[in-house]
Amino acid sequence: MKLVELDSHPLIEKFRKEASNILNEPNMLYHLLLPPEYNIPQDLCDAILYLFVESTTNLNTWIQYGEGTYQFSCENDQLIPIAGFDHEIPCAILQTTPCTTTNGFSFDMHEVVINPFMPSPVPPLCNEIKDGFDNPKDALNYLKTRIRSSGLPQAISSLEHAANYSPIGSDNRDEIVALMHENMDKISDIVFEVKPFHYIPTLFKMRTNYIIFYAVTNLFHTKLLKAYHEALSSENSAAQRAIKEYQKSLGDSSKLTVAASHLKDLHNMQSVSAGISMVTQFFEGVLASLPDKNAAADDILPAVCDGMTRCPQFTTHIVSSFQYLADIWSMEGLDERTTYILVTCSIAASHFASGSHNKNLPNNIRLQHTLEVDKSNVDSIELIEKFLNELNK
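Sequential numbering from 1 applies to the sequence shown in the UniProt record's numbering.
Quick caveat, the hints were computed from the structure, so don't treat them as lab data.
Just so it is clear, CB atoms sit at the ideal spot from N, CA and C, and this is done for glycine as well.
Possibly wrong hints are sitting among the right ones.
Unchecked claim - Computed list of lysine to aspartate or glutamate pairs in EDC-like fashion (alpha-carbon distance at most 16 Å, straight line):
(1) K14 x E54
(2) K223 x E193
(3) K2 x D298
(4) K2 x D299
(5) K226 x D292
(6) K195 x E175
(7) K2 x D335
(8) K223 x E175
(9) K264 x D299
(10) K144 x E175
(11) K248 x D298
(12) K195 x E37
(13) K248 x D265
(14) K223 x E75
(15) K186 x D335
(16) K248 x D299
(17) K255 x E284
(18) K255 x E230
(19) K223 x D171
(20) K2 x D171
(21) K293 x D252
(22) K2 x E182
(23) K2 x E193
(24) K226 x D327
(25) K17 x E5
(26) K14 x D43
(27) K226 x D265
(28) K226 x D252
(29) K226 x D174
(30) K2 x D265
(31) K223 x D299
(32) K17 x E54
Unchecked claim - Distance ranges between label pairs, derived from CB positions:
(33) N141 x P26: 48 to 56 Å
(34) G151 x T61: 48 to 56 Å
(35) N141 x S8: 24 to 32 Å
(36) K293 x S157: 47 to 55 Å
(37) P98 x D46: 18 to 26 Å
(38) E182 x N58: 24 to 32 Å
(39) N76 x S271: 24 to 32 Å
(40) S106 x A274: 44 to 52 Å
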């Protein structure tokens, strides 16, 4: 699907050129605001205008770099104007990504919903996308009724025909998954040819990809999940035997048990969105169980494995459930944190099935080589990245 990232914002390239001589000062944090592309007039396209600094001794007060004419108070991802502005309109932060220039200057990129120097109403399209994103079960209907494109109806019709009439079983699941990804890419290309989608904030482009992802996967979900359970039944059985011998990790036992409770219905997930939510909650619970919030990379996967052993209802389908989600997930255009979570859990589940649960984890070649490392991910994502790199040694 369409690759969406803050690095493609038009202000970023300008900023990197203009900021070539800026260096980080001690006890100062730097913030670059990235307003919507449609809301950057010619007289406000100087990237340095959007750079703000924050002192570690005066947190949450952001002062414009240089003369300090403009100031914000940052409260719960809302930038409240407190000096310099001729309005009091809050500016919401949509997403944040750490970044470092080639000369070593470190700052946070913040995608914001409006241009604080010239605020304008948020386009209705963004609200429509939010509604579609918040209702994944209705994703296909969103594509049919909300997006005006001459090529989209035929693409959807062909997809529905394939879902309704193609045999879906254990022997052709790979072909079905390939068909799904092909249609995700095709529909994404069609949707992003519609001009209004060119200029919306990156976050809403990603949410559009999510709508497309759910629209496609919902059509195949029930039959394809069953096919995975059938195809990987021997791997599930091997994993179930290995789980009984698994040694405990550094994770807090009670917290891991709570985390594992999120997996109890994963093998019968009613929808892909429900399954992803379960896995995400499980993974976050596993991280919370570790004694050190900056735990070593090789402590995370053992804790993930440990957590998986604590849900007897689920362990009968442990490999097939995680492999299913990892296979249908798009490696481009969706949230990278979720990508790492799904990949990590899939590797952990396959680790049980390999029969080498007290040895090095097996290499998952397909996932390992399709992952693109993004240094903007923090905390657990950095740790998982390092662990995955260790697998390739």
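Hints versus structure:
{"no.": "1", "hint": "K14 x E54", "in the structure": "violated, 22 Å"}
{"no.": "2", "hint": "K223 x E193", "in the structure": "violated, 32 Å"}
{"no.": "3", "hint": "K2 x D298", "in the structure": "violated, 33 Å"}
{"no.": "4", "hint": "K2 x D299", "in the structure": "violated, 34 Å"}
{"no.": "5", "hint": "K226 x D292", "in the structure": "violated, 39 Å"}
{"no.": "6", "hint": "K195 x E175", "in the structure": "violated, 33 Å"}
{"no.": "7", "hint": "K2 x D335", "in the structure": "holds, 12 Å"}
{"no.": "8", "hint": "K223 x E175", "in the structure": "holds, 14 Å"}
{"no.": "9", "hint": "K264 x D299", "in the structure": "violated, 23 Å"}
{"no.": "10", "hint": "K144 x E175", "in the structure": "violated, 25 Å"}
{"no.": "11", "hint": "K248 x D298", "in the structure": "holds, 14 Å"}
{"no.": "12", "hint": "K195 x E37", "in the structure": "holds, 13 Å"}
{"no.": "13", "hint": "K248 x D265", "in the structure": "violated, 23 Å"}
{"no.": "14", "hint": "K223 x E75", "in the structure": "violated, 46 Å"}
{"no.": "15", "hint": "K186 x D335", "in the structure": "violated, 19 Å"}
{"no.": "16", "hint": "K248 x D299", "in the structure": "holds, 11 Å"}
{"no.": "17", "hint": "K255 x E284", "in the structure": "holds, 11 Å"}
{"no.": "18", "hint": "K255 x E230", "in the structure": "violated, 32 Å"}
{"no.": "19", "hint": "K223 x D171", "in the structure": "holds, 13 Å"}
{"no.": "20", "hint": "K2 x D171", "in the structure": "violated, 30 Å"}
{"no.": "21", "hint": "K293 x D252", "in the structure": "holds, 13 Å"}
{"no.": "22", "hint": "K2 x E182", "in the structure": "holds, 12 Å"}
{"no.": "23", "hint": "K2 x E193", "in the structure": "holds, 11 Å"}
{"no.": "24", "hint": "K226 x D327", "in the structure": "holds, 14 Å"}
{"no.": "25", "hint": "K17 x E5", "in the structure": "violated, 19 Å"}
{"no.": "26", "hint": "K14 x D43", "in the structure": "holds, 14 Å"}
{"no.": "27", "hint": "K226 x D265", "in the structure": "holds, 14 Å"}
{"no.": "28", "hint": "K226 x D252", "in the structure": "violated, 34 Å"}
{"no.": "29", "hint": "K226 x D174", "in the structure": "holds, 13 Å"}
{"no.": "30", "hint": "K2 x D265", "in the structure": "violated, 31 Å"}
{"no.": "31", "hint": "K223 x D299", "in the structure": "violated, 36 Å"}
{"no.": "32", "hint": "K17 x E54", "in the structure": "violated, 22 Å"}
{"no.": "33", "hint": "N141 x P26: 48 to 56 Å", "in the structure": "holds, 54 Å"}
{"no.": "34", "hint": "G151 x T61: 48 to 56 Å", "in the structure": "holds, 49 Å"}
{"no.": "35", "hint": "N141 x S8: 24 to 32 Å", "in the structure": "holds, 30 Å"}
{"no.": "36", "hint": "K293 x S157: 47 to 55 Å", "in the structure": "holds, 50 Å"}
{"no.": "37", "hint": "P98 x D46: 18 to 26 Å", "in the structure": "holds, 23 Å"}
{"no.": "38", "hint": "E182 x N58: 24 to 32 Å", "in the structure": "violated, 53 Å"}
{"no.": "39", "hint": "N76 x S271: 24 to 32 Å", "in the structure": "holds, 31 Å"}
{"no.": "40", "hint": "S106 x A274: 44 to 52 Å", "in the structure": "violated, 38 Å"}
In this structure, the hints that do not hold are numbers 1, 2, 3, 4, 5, 6, 9, 10, 13, 14, 15, 18, 20, 25, 28, 30, 31, 32, 38 and 40, in rising order.
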